[in-house]
Amino acid sequence: MTVEVVKPGLLTTLQDAGRAGFAHLGVGRAGAFDAPALRIANMLCGNPATACGLEITLLGPTLRLHADGWIAVTGAPLPVRIDGRDAPMWATLQVHAGATVALGAMRAGCRSYLAVRGGFDAVAVLGSRSTDVNARIGPFDGNPLHEGDELPVAKARGGAPARARTASTWRLDPDPWFDDGARKPLRLLPGSHLDRLEETSHNSLFSDQFEVRSDSNRVGLRLFGPRLGFSAPIEMVSEGSVPGLLQLPPSGQPIAFGPECPVSGGYPRLGQVAAVDIPRLAQLRPGDALRFEPMAFDDALAALRKRERALQQLQAAISNRLEWIDPIP
Amino acid sequence: MAEFSIEPLAEDALLLRFGDGIDIATNARVHAAARAVRAAKLPGIIDVAPAYSTLLLRFDAFARPDKNGLDERPHARLAEILHALLRGANPKTLDPGLRREDDQENAVALREGARLVEIPVCYGGEYGPDLEAVAVHAGLSPDAVVARHAAGDYSVAMLGFAPGFPYLLGLDPALHAPRRTDPRTRVPAGSVAIGGAQTGIYPRELPGGWNLIGRTPLPLFDPRREPPALLAAGDRVRFRAIDVDGFARLAGRPA
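Chains A and B, in that order, are what the protein sequence lines are. Residues -3 to 325 (our numbering) make up the first sequence, in order. Residues 49 to 303 (our numbering) make up the second sequence, in order.
Calculated directly from the structure, the hints in this document are not laboratory data. Just so you know, even glycine gets a beta-carbon here, dropped at the ideal spot from N, CA and C. It cannot be assumed that every hint is accurate.
Computed list of chain B residues with no C-beta within reach of chain A, every gap over 12 Å [stated by the list, open to error]:
| # | residue |
| --- | --- |
| 1 | E51 |
| 2 | L164 |
| 3 | G200 |
| 4 | A205 |
| 5 | P226 |
| 6 | P271 |
Reference listing, derived: stretches of chain B covered by chain A, where coverage requires no fewer than 3 residues with Cβ under 8 Å from a Cβ of chain A [as the list claims (entries may be wrong)]:
| # | stretch |
| --- | --- |
| 7 | 62 to 71 |
| 8 | 95 to 107 |
| 9 | 288 to 297 |
Cβ pair distances, simulated, as ranges [said to hold, decoys possible]:
| # | chain 1 | residue 1 | chain 2 | residue 2 | range |
| --- | --- | --- | --- | --- | --- |
| 10 | A | V2 | B | G257 | 28 to 34 Å |
| 11 | B | G161 | A | A101 | 35 to 41 Å |
| 12 | B | P255 | A | V2 | 29 to 35 Å |
Model the full assembly from the supplied sequences, consistent with the hints where possible.
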C-alpha cells in the first residue's frame, strides 16, 4: 500500500527514532524533534517504537491512502479531517482505501506527528529512515515531502485491531504529552562555560525572557533576548555537540540545538536542555517566548527515568486496549 | 596529574577531555582513546566521535537496567569503566597511548599506523578564487602557496561541521590565513580551503567562510557508499596538484 502526498504542507518530513553510530563521520541524529509524540503515534498504530512516521510543521499535509489502513496523529493540536469529517487526534483512526486525510494549521505548538499502521517504508540511509534536511541525508535525499510523492507503507504483522469498533471511539489525553512550551521554563543542565558568564548575563539567562527567532529550524532554535557575554573571552576549538545544547556564539544570542544540529561546534556551552524538556523545545514556534531555569543533572536523569516508565506503561495500556491481532512486540 | 577529564554533556552523552588546543600530540591521545573504547565494545555505547582534543561518547542511558528496567547511574557507571579502561587499572587493557609523557611517540605511532589518502586538487582559477588573497596575505606567489600546500603531510583530526568534512592538521604556518569577513552562502562541493590555522575540504555545497584555494573532483561523502566518508579521523592526507583537464577527467566529464 502507498500513501500519496496530495499537498505537502509547510514542511513535512519522514522521521523515525533517528540515526545512531555515525557521529564520527560528521553525521548527526535527525529523527523526530518531539520524540515521545511520534512514539505514541506509533503505539496507537501497533507499530514498533522505531517505526517511521511523518513530522509535520505548523501547517499539515493532505494525504490519500491507496488501501485500507489505520493512522494516528499526535503532537501539536491541528484539525484532522478524513474525507471532510472531523477526526480526533491521539486516537487510532480507521481510513478506507481512497480516503483523503487533510491536516490543517496548528492552533498551538509547532510539530505534529502522523503514524500509519506498519510504518512508512522508505529505504533506510545509514541505518535510519529519518530525513536530515540540513545534511541532505535520508529519504528523498534529505528533502521534505513534495506534492505527488508516493510513500510506501510496510506491511504490518497482523491485521486490524481485535476491538476495531471500540478503537476508533477511544482517545488518549494529550496531557502531559503535549505542552506548547510557553507555560513553564525550560530546564537547563549546567554547561562547561556557564560559570564563565559575567554576573549580569548569568542572572539574565535565568530571569529574563527570550524569543524564538523566525530563522529557527530543526538545526536549532535561535533565540533573541538580552545580549549575554563572558567575563573573559573564551577560546575554544571544535568539540562534540548534541541536540539540546545551548551554545553562545559571539553575537551574545544563544542557540538551542535541535535534532539536525552539527556533530561538532566551536562555540561555548551554556547548558543542555533537559532531555525531558526537548519535546517542549520542539513545540516552540517563531515568536514564542521562553525562559530557562537551572536543573541538576541527577534530577534530569530521574525525570527521564520517570518519563520512560510512563511511556512504557502507556505502551502496555494501549496494547491492552487495542489488542491488535498478532501484536507487534 | 589527570590525563583526561570527563564532563557530562547530556543524559546520554559524555565528553572526555585530553587537552584544549589543536595539536597532533593531543589529537593522537584522542584517537588512541577512541580505538580503546571501540575495541572494548562496551555495552550501550552508540557513538564514539573524536574531535581535536575531546572525545564524545553517546550511550543508551537505559542500557543497563536495574530492577525497575532503568539505569540509575549511567554516567557514573560509564565514567568508572572509562577510567579503568583508559588509565590502565586493568593492565590487559592499558593503552600506553594515553600517557602524556608518551605524546611524541603516540603522534609518531598514529601517523605510522595511519592510512595514507592522496587527494588530487586543481588549485587556483575558477576552482580557487581565494588563492590570490591567501598568497598576498602570506607574502608569497600563488605558485609558492600551491607548492607549500601540496607538499604538506596532513592528518585528519576529526570529521564534523557537515557529513564527511575533514579538519586537517599540518598546515604550513606560512599559509595560515584569517577567515573571510563575508562568508559565502554557497561554497561548491570539493572546495579545498584554509580557515585560520586549519585546512579542510567541503564535501558538498555549503555556506562557508574559509578561503577557497582549489577543488578536488573526488566525492568526499556518499551515504550509499561503504564507507560513506572518503576520509576517517586519523588518516594521513597528501594533496596532488592537477590541472583543469585532469580535474575534468577524474570528475568524468569533458573539460
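Against the structure, the hints:
Against chain A, the non-interface label of E51/B holds: every CB pair exceeds 12 Å, the least being about 18 Å. For L164/B, the requirement that its beta carbon stay farther than 12 Å from each beta carbon of chain A is met, with the minimum near 19 Å. Every C-beta of chain A lies more than 12 Å from that of G200/B, the closest at about 20 Å, which supports listing it as non-interface. At roughly 9 Å, the least C-beta separation between A205/B and chain A is not larger than 12 Å, which violates its mark as non-interface.
Every CB of chain A is more than 12 Å from the CB of P226/B (nearest about 15 Å), matching its label as outside the interface. P271/B, annotated as away from the interface, has a beta carbon of chain A within 12 Å; the closest lies near 5 Å. A stretch counts as covered by a chain when three or more of its residues have a beta carbon under 8 Å from one of that chain; for the stretch 62 to 71 of chain B and chain A the count is 4, and the coverage holds. Check on the stretch 95 to 107 of chain B: 11 of its residues sit with their Cβ under 8 Å from a Cβ of chain A, so the three-residue criterion for coverage holds.
For the stretch 288 to 297 of chain B, the stated coverage by chain A is not satisfied: 0 residues place a CB nearer than 8 Å to a CB of that chain, which falls below the threshold of 3. Look at V2/A against G257/B: about 42 Å separates their beta carbons, and that is not inside 28 to 34 Å. With their beta carbons about 57 Å apart, G161/B and A101/A fall outside the hinted range of 35 to 41 Å. About 34 Å separates the C-beta atoms of P255/B and V2/A, a value consistent with the hinted range of 29 to 35 Å.
Going through the hint list in order, the structure does not satisfy hints 4, 6, 9, 10 and 11.
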